[in-house]
Amino acid sequence: GNSVTQMEGPVTLSEEAFLTINCTYTATGYPSLFWYVQYPGEGLQLLLKATKADDKGSNKGFEATYRKETTSFHLEKGSVQVSDSAVYFCALSPYSGYSTLTFGKGTMLLVSP
Amino acid sequence: GAGVSQSPSNKVTEKGKDVELRCDPISGHTALYWYRQSLGQGLEFLIYFQGNSAPDKSGLPSDRFSAERTGGSVSTLTIQRTQQEDSAVYLCASSSTRGADYEQYFGPGTRLTVT
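Chains as they are written, first to last, in the working numbering: chain A, 81 to 193; chain B, 264 to 378.
Note that these hints are calculated values from the structure, not bench results.
Think of the CB as a built atom: it goes at the ideal place given N, C-alpha and C, for glycine as much as any other residue.
Incorrect hints may appear among the rest.
Claimed, not checked - Cross-link-like lysine to any residue pairs, in silico, SDA-like; alpha carbons within 20 Å at most:
no., chain 1, residue 1, chain 2, residue 2
1, A, Lys132, B, Glu366
2, A, Lys185, B, Lys280
3, A, Lys185, B, Gln300
4, A, Lys185, B, Lys274
5, A, Lys157, A, Gly89
6, B, Lys320, A, Gly81
7, A, Lys185, B, Pro324
8, A, Lys185, B, Ser270
9, A, Lys185, B, Gln304
10, B, Lys280, B, Ser270
11, A, Lys140, B, Tyr368
12, B, Lys274, A, Glu122
13, A, Lys185, B, Ser350
14, A, Lys148, B, Phe308
15, A, Lys132, B, Ser350
16, B, Lys320, A, Tyr175
Unchecked claim - Taking beta-carbon pairs under 10 Å as the criterion, some of the chain A residues facing chain B (in silico):
no., residue
17, Leu93
18, Glu95
19, Tyr110
20, Ser112
21, Gly121
22, Lys185
The whole structure should be built from the sequences, with the hints applied where relevant.
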């Protein structure tokens, strides 16, 4: 079956540090990949997505590249801010379309001033 | 432009009682999803409705869980004879089925505590 594995947190960084949150997946076929973010006290929202190999999703300074050869979709940001403190979830859907999502367990990011 | 709404936002119930959780999707969205977020299991898919098709119930953890969607809009998730392991945040999401925007928009969730 499909599965997503992401690094356990919390990840603690100082403001302006470089961020990487690792995500690897197991799926058959050609899944679509997503990063969702959950800010404190708020609902889950889509951060970025990629629907095919070598695609790069980007939003709010975050980036992730769909690597089929390593089955990975690592999240990166060059300079984090305190406002980036949140829980980040990597997810996949089995194809590009209307389908259920399989999530990783989430990684909490804490950024201090 | 209202988003996905869920009610109640918090529910405390005694073990063995039945509970109903409600989801109002974004108007016009024909796909509706229920997920559960718990400390031990992370975010898990429960059930998926798409238009008039039979729902995908493959994620429901037991026959105590059921869901319906009336008129292609509002959905109710029912948990019968609640157990302490049912304590979690229940999330609803909806998506459009038009064009290429199949992004799932999530509601704020219902936090269920079974005592």
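Of the hints given before, which are not true for this structure?
-> Going through the list in order, the structure violates hints 2, 4, 8, 14, 15, 17, 18 and 19 and respects the others.
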